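The whole structure should be built from the sequences, with the hints applied where relevant.
Okay, so the sequence shown: first residue is 1 according to UniProt numbering, each after it adds one.
Hints were generated in silico from the structure; no laboratory data involved.
Check before you lean on any hint, since a few could be wrong.
[What the hints assert, rightly or not] For lysine to aspartate or glutamate, the following DMTMM-like pairs were computed, each having C-alpha atoms within a straight-line distance of at most 25 Å:
1) K262 <-> E171
2) K367 <-> D83
3) K205 <-> E171
4) K172 <-> E98
5) K262 <-> E98
6) K367 <-> D353
7) K262 <-> E277
8) K523 <-> D510
9) K533 <-> E546
10) K203 <-> D345
11) K139 <-> D269
12) K262 <-> E293
13) K203 <-> D321
14) K262 <-> D251
15) K126 <-> D251
16) K533 <-> E547
17) K307 <-> E282
18) K165 <-> E130
19) K367 <-> D251
20) K172 <-> E130
21) K165 <-> E282
22) K311 <-> E56
23) K126 <-> E282
24) K172 <-> E138
25) K126 <-> E56
26) K165 <-> D133
Owing to the predicted nature of the structure, the values given are computational and were not obtained by experimental measurement.
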Amino acid sequence: MTSHRASTSSTLSSGSATPRGLGHAPSWTDDLPVCPLSGVGSSTNQTYRLDGLRQEEHPFEDRCFHFRHESDVYLYGVFDGHDGNRASDFATQRMPAELLLGQLDKIQTDRDVKMALHQAFLAVDKAFFEAIDDYLCEKTTLQLELPEGMSDYEVYQQYPQLVDKLHALDEKITGGTTAVVALILNNKLYVANAGDSRAVLCKTKPDSSLEVVQLSNDHVIDNPDETLRLSQLGLNMELIRSQGSRLGNQDCTRTLGNYHLKGGYKDFDILSVATAEPVIAEPDVVGGITVDESCSFLMLFSDGLYKSLEKCTGTDSVNRDLAYMVSEELGNQSTLNSVAQAVVDRVVRLHHDTFMRGGDHARLCAKRPDIMLIVRNFNHPFPNSLTSPTQGGVYNPVSVPYRPHKNEGPPPKLIMPPKQPVPTNLHETSPTTTVVAPATNQSPVVAQQSPSATMSEVADTNVTQTTGTTSSDTERSGPELRLFRRRQRSYQPLTLDDDGLVEPYVDFSDFHQRWNEFMKTQKEHISSLQEEKEPSLKEEPDKELEEEEAQR
Numbered sequence: 001m002t003s004h005r006a007s008t009s010s011t012l013s014s015g016s017a018t019p020r021g022l023g024h025a026p027s028w029t030d031d032l033p034v035c036p037l038s039g040v041g042s043s044t045n046q047t048y049r050l051d052g053l054r055q056e057e058h059p060f061e062d063r064c065f066h067f068r069h070e071s072d073v074y075l076y077g078v079f080d081g082h083d084g085n086r087a088s089d090f091a092t093q094r095m096p097a098e099l100l101l102g103q104l105d106k107i108q109t110d111r112d113v114k115m116a117l118h119q120a121f122l123a124v125d126k127a128f129f130e131a132i133d134d135y136l137c138e139k140t141t142l143q144l145e146l147p148e149g150m151s152d153y154e155v156y157q158q159y160p161q162l163v164d165k166l167h168a169l170d171e172k173i174t175g176g177t178t179a180v181v182a183l184i185l186n187n188k189l190y191v192a193n194a195g196d197s198r199a200v201l202c203k204t205k206p207d208s209s210l211e212v213v214q215l216s217n218d219h220v221i222d223n224p225d226e227t228l229r230l231s232q233l234g235l236n237m238e239l240i241r242s243q244g245s246r247l248g249n250q251d252c253t254r255t256l257g258n259y260h261l262k263g264g265y266k267d268f269d270i271l272s273v274a275t276a277e278p279v280i281a282e283p284d285v286v287g288g289i290t291v292d293e294s295c296s297f298l299m300l301f302s303d304g305l306y307k308s309l310e311k312c313t314g315t316d317s318v319n320r321d322l323a324y325m326v327s328e329e330l331g332n333q334s335t336l337n338s339v340a341q342a343v344v345d346r347v348v349r350l351h352h353d354t355f356m357r358g359g360d361h362a363r364l365c366a367k368r369p370d371i372m373l374i375v376r377n378f379n380h381p382f383p384n385s386l387t388s389p390t391q392g393g394v395y396n397p398v399s400v401p402y403r404p405h406k407n408e409g410p411p412p413k414l415i416m417p418p419k420q421p422v423p424t425n426l427h428e429t430s431p432t433t434t435v436v437a438p439a440t441n442q443s444p445v446v447a448q449q450s451p452s453a454t455m456s457e458v459a460d461t462n463v464t465q466t467t468g469t470t471s472s473d474t475e476r477s478g479p480e481l482r483l484f485r486r487r488q489r490s491y492q493p494l495t496l497d498d499d500g501l502v503e504p505y506v507d508f509s510d511f512h513q514r515w516n517e518f519m520k521t522q523k524e525h526i527s528s529l530q531e532e533k534e535p536s537l538k539e540e541p542d543k544e545l546e547e548e549e550a551q552r
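Here it is as structure tokens:
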């Protein structure tokens with residue numbers, strides 16, 4: 001899963017993302033171009049302490065990629081690893097190879113694309129087990145060397161080195177990963193997933209509200225389809241639910257990798273009665289969905305994101321809440337990476353603050369898993385984008401008018417409009433303009449003003465909030481149009497004197513006159529002092545001569 005605060009995610013040249021500080025081995029995917037229409041946010045797992053400090057339970061295990069292979073081929077994936085990052089690392093490298101090396105070149109129908117995605121999941125799962133095949137053989141050989149009928153304690157006492165080798169091999173073969181993959185081919189969207197990572201498409205309705213559609217399926221015990229499938233294998237679902245709705249040591253019923261719940265499922269008493277492997281890699285695939293003007297943006301994220309938000313807020317519409325967060329950040333941030341990371345940061349902060357406040361939800365928020373989020377923008381307004389061809393205005397939070405008292409509500413904000421040509425008629429009045437804010441459950445930042453602000457003299461704003469959308473109808477008048485316009489100025493050429501210098505623009509004649517008068521007075525005063533001193537100097541020698549003559 002992922003990292004911020006403890007570290008923000010850094011997008012590799014391959015399009016995959018890992019938190020800063022984690023190493024990255026060279027990969028063939030390093031040469032694949034990153035999709036410029038998507039951004040990544042992440043945060044590592046955390047265990048909280050009452051003193052406010054945090055610590056990681058395990059190394060970061062989530063992985064992702066976001067590629068633009070050709071002009072009409074985009075591939076995105078999020079992989080939520082568990083029991084190590086070996087499987088998620090492997091899937092991140094192998095999945096693109098199963099889809100971007102010519103497999104899609106001759107595909108024409110939606111059915112063929114979905115079949116290609118289905119086969120890619122099975123191929124990655126098979127290849128992972130082939131990669132650990134040598135470790136499995138070595139483990140089997142070592143197990144045959146152990147005598148039968150001994151308890152685990154007796155085995156460790158008599159064969160400690162052998163047991164240590166078996167534990168080391170277990171670390172190499174254990175673990176798996178969920179997978180959610182989105183493919184855009186010929187302007188159609190396809191999604192395949194195994195596990196509980198999600199793909200959510202947000203579309204704009206005619207009334208400008210957001211329609212949030214989850215395209216993936218959560219493969220967990222609570223899914224009725226998964227319950228039916230496992231029941232048909234002979235498993236006691238009531239017993240499984242009574243033990244925490246987990247299959248062995250995992251929550252998901254479909255994953256890539258995870259040998260212990262596939263080839264080794266007989267080692268679990270609760271699963272040993274199954275007639276076939278209870279955990280499978282077969283994905284659910286949907287598509288193709290035409291990417292038209294109604295498509296706003298796509299989100300792919302691991303379960304750490306939505307489960308953390310659910311636990312700290314108790315929301316029953318977590319997908320919609322996350323969609324509103326993304327919509328709001330698309331209006332605030334300047335890059336898609338910043339958008340995704342800002343959403344992750346908000347969830348992380350809410351989760352940690354809930355724990356620190358205590359209360360009913362605090363016990364559910366003592367720790368959280370890794371988080372990974374990909375945001376792929378289609379047609380949602382992104383006014384502050386650094387790469388926007390229209391060079392939209394820059395979002396500037398301002399602290400004026402200054403009020404030393406306690407502020408209520410969010411601080412006032414200012415949206416600087418894009419540069420406009422100087423109007424030829426400054427007294428022209430603009431027609432009425434209607435501004436529709438991004439679909440969000442909060443007021444748009446453009447309409448936030450301080451009660452003491454004087455902007456009310458130039459704009460009359462009425463904000464009307466409805467379910468799923470917020471709109472602001474603004475009557476623009478002449479003074480408002482002139483608020484940010486640059487006034488025309490007439491410039492005249494400079495006049496030079498005979499010496500080629502610019503004539504002074506400040507008159508110092510009065511100063512020079514007073515200065516001259518002052519200097520004249522000073523000179524007269526000094527002269528009078530000198531005249532008074534000279535007679536006294538002449539009298540002193542005469543007195544000395546008279547005294548000498550008197551002594552004689």
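Against the structure, the hints come out as follows:
no., hint, result
1, K262 <-> E171, "16 Å, holds"
2, K367 <-> D83, "17 Å, holds"
3, K205 <-> E171, "49 Å, violated"
4, K172 <-> E98, "24 Å, holds"
5, K262 <-> E98, "22 Å, holds"
6, K367 <-> D353, "12 Å, holds"
7, K262 <-> E277, "5 Å, holds"
8, K523 <-> D510, "20 Å, holds"
9, K533 <-> E546, "21 Å, holds"
10, K203 <-> D345, "24 Å, holds"
11, K139 <-> D269, "21 Å, holds"
12, K262 <-> E293, "43 Å, violated"
13, K203 <-> D321, "14 Å, holds"
14, K262 <-> D251, "14 Å, holds"
15, K126 <-> D251, "21 Å, holds"
16, K533 <-> E547, "22 Å, holds"
17, K307 <-> E282, "24 Å, holds"
18, K165 <-> E130, "21 Å, holds"
19, K367 <-> D251, "17 Å, holds"
20, K172 <-> E130, "13 Å, holds"
21, K165 <-> E282, "33 Å, violated"
22, K311 <-> E56, "19 Å, holds"
23, K126 <-> E282, "11 Å, holds"
24, K172 <-> E138, "11 Å, holds"
25, K126 <-> E56, "31 Å, violated"
26, K165 <-> D133, "16 Å, holds"
Hint check: violations occur at hints 3, 12, 21 and 25; the rest are consistent with the structure.
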